[in-house]
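J.: For reference, the chains in residue letters:
There are 2 protein chains.
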Amino acid sequence: MPNAWNHGRAATDAAHWRRSSADTRRFEIEGTDTAGPTFGEPGRLTPEELQLAMRNHGLPLEALRYPITPPGLHYTLIHYDVPAVDPETWLLEVGGRVERPLRLTLADLRSRPRERLAVTLECAGNGRALMDPRALSQPWLHEAVGTAEWGGTSLWPVLADAGIDPAADEVVFTGLDRGVERGVEQAYARSLSLADARRPEILLVDEMNGGPLPPQHGAPVRLVVPGWYGMASVKWLSGIEVIGGSFDGFQQRQQYRLRQDPREPGEPLDRMLPRALMVPPGIPEFLTRGRFVRRGPHTIIGRAWSGRAPIALVEVSVDGGASWATARLDPPDLGPLAWRSWSFEWTAEPGDVVLACRATDGAGATDAPAWNVGGYANPEPHRVPVTVLD
Amino acid sequence: MPNAWNHGRAATDAAHWRRSSADTRRFEIEGTDTAGPTFGEPGRLTPEELQLAMRNHGLPLEALRYPITPPGLHYTLIHYDVPAVDPETWLLEVGGRVERPLRLTLADLRSRPRERLAVTLECAGNGRALMDPRALSQPWLHEAVGTAEWGGTSLWPVLADAGIDPAADEVVFTGLDRGVERGVEQAYARSLSLADARRPEILLVDEMNGGPLPPQHGAPVRLVVPGWYGMASVKWLSGIEVIGGSFDGFQQRQQYRLRQDPREPGEPLDRMLPRALMVPPGIPEFLTRGRFVRRGPHTIIGRAWSGRAPIALVEVSVDGGASWATARLDPPDLGPLAWRSWSFEWTAEPGDVVLACRATDGAGATDAPAWNVGGYANPEPHRVPVTVLD
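Heads up: the protein sequence lines correspond to chains A and B, in order. The numbering of the first sequence is the working numbering, which starts it at 144 and goes up by one. The numbering of the second sequence is the working numbering, which starts it at 144 and goes up by one.
If you are wondering where the hints come from, they were derived from the structure by calculation, not from laboratory data. All figures in this text were calculated on a predicted structure; none of them were measured in a lab. There may be inaccurate statements among the hints.
Simulated coverage check for chain B against chain A, where a stretch passes if three residues somewhere in it have a Cβ under 8 angstroms from a Cβ of chain A [as the list claims (entries may be wrong)]:
#, stretch
1, 202-216
2, 314-325
3, 420-431
What the simulated footprint calls covered on chain A by chain B, stretch by stretch (three residues with Cβ under 8 angstroms from a Cβ of chain B suffice, anywhere in the stretch; the number is not a length) [to be verified]:
#, stretch
4, 209-215
5, 314-323
For every residue, glycine included, the Cβ atom is placed at its ideal position computed from N, Cα and C.
Here chain A stands alone, though its shape is the one from the complex (with noise of 0.2 angstroms):
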């Protein structure tokens, strides 16, 4: 008995590829999506985000008790395949305007300094689900996030090895994954400005939590750029290329843009805005997910970051938004670059209540609409309604 989603459709009937002659392995494809971001009407989701959804999976939001998200609740957005790698032959290659062109092994990259930092991760999207009207993508709500301890080596002194020309502009981080956006076959990739790559923080990762990176994290060796949203930090890493100018890729000009209208240049994401997420508390009703928790005291927990600056404030409600209470924050104890823990103690009586979180970090209110067409860094407040008994 199959429906509408039986069929997964193919972009086209009548797709065929162009050889480009620039790049071999480039080809367009016509009658795919070219009409760029479309959008969703509320409540009811598509069959394409339905795939999506099946596939990515964010923080079940209860797993914010651990201050390191084990790997399998990490949140993962994987834009086409995980690819298949093998390790053994897998070269991360460095070229464009350096000096000397490099060609690193894996075990060239282990034998260099290691650093282990605890770094939380956001998908751009995260919240998209929840704009009206809502851009058709993966559908988070709330959960595209997780921290993990992420070990490697740091990026800015590989491309000093290089040699770095002066004159040059941006760093290109290709992936192994690719795919076809708007008609065009490419392999994911993103940029950072030479200054940006100079930060020590940025990490040539080939292990999460300890143990290797898991596939679906980018093994054998994936980008780390802590502070910015996920898009950033490049899985699946196969080439590093400094370049004269601002790269044009889809993800960095197309995609990953805040825009009211869709015709709009638009500006770049690039570092994580506040936010603050807390553990549902109660027991759920498997269905609706809806709360049920006691009459009385509940210490209520969760975990709030920032990209910017470090978080100043964390607050709750308990009466849906209408007024806020300042949480208990705790020190920073996964340092700069992770969430910080958080709790407030309720009172709760009987009936149907709203709780919410939001935070506030050092680097003030941001002055962009909350909406945007491609349905990026969602500044809502998190909301979870809760019954509570007699």
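Add chain B to chain A, keeping to what the hints say.
T.: Below, chain B without anything else, positioned relative to chain A:
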């Protein structure tokens, strides 16, 4: 800009708990979902389904390439919340109709003889979102499966040490995960007949793929019942009770049943029906997941399994199911309890095609109707639309 999904509503405006005299930990909650299953509109996911989809996740189908699924890629279905369990104080209580009730620590279990088995687990609801009408629950497409090497100790010798009353009938397994179903607070619980519980391959598991059991897979200890749909493999195990008569818990009597009408008692689900899945060939478009391959020879690979009998035949169609050809079935390298790999040589000609695969086991056809109220055991072949480019 909140919409309907911002509110993940608690189940009722007027719910409250009433204490039950029989069990002080058990409450009834008025006003929760008591209507039983309801159905979704074709092609339109509800907010409730989205919430479940964002928590639980399937195997990205390209990960069928791994004989043993890495932990973060194995499917998970978490009915309520992942409970917080301290392995230091965790105890397994074995009681009911036994001569010598036992209280076992994790160290006690680990001192027993060790077993390690490769086992394929599949959710009984796999394929639910492809049914029409579609039961509102976790909206699986094809991907609710995974194969792990589970390490632990055999169940039956533990029961034998406790000394089972020979007149007893069933063994009830209770987890630490608690939630609300049809207005009743409860822990997740399932039973096996004594005859089933005696099978030596049923394990009390504390290791997955050679490492500690991850929280989302039931740490510190879970049951694994090879051959059966995943609902039997109770996670976060806390109690084993030997009973006379038949267990009447919600997950046994109401939830995991094959029914044509919600008012029927229905037939219990147990062993996995035969199924084959393929690694979708080529590369995807991000949003539609539509696949593109180039013309010429391709080797399609996949996995097939059944909980009833060894896989006897895997067939592939390259014309949407109009005709079928036999795939090459590899030897059962992972043993009798895990999936088998298969492959098929395909010469792709330009145009749009729908690939499909299906499996047959040695136990013969099932006479169960394909559609059922709960959306279980969907027997449809796996279909993958592909655009072949010139």
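J.: For every hint, state whether the structure bears it out.
T.: Structure-based check of all given hints:
Counting residues of the stretch 202-216 of chain B whose beta carbon lies closer than 8 angstroms to any beta carbon of chain A gives 9, which reaches the threshold of three, so the coverage claim holds. Note: the stretch 314-325 of chain B has 4 residues with beta-carbon separation from chain A under 8 angstroms; the three-residue rule is met and the coverage holds. Chain A is given as covering the stretch 420-431 of chain B, and this holds because 7 residues of the stretch bring a CB closer than 8 angstroms to a CB of that chain, at least three being needed. As drawn, the stretch 209-215 of chain A meets chain B at 4 residues by the rule of a beta-carbon pair under 8 angstroms; at three or more, the given contact holds.
Coverage of the stretch 314-323 of chain A by chain B holds in this model, with 3 residues showing a Cβ closer than 8 angstroms to a Cβ of that chain against a need of three.
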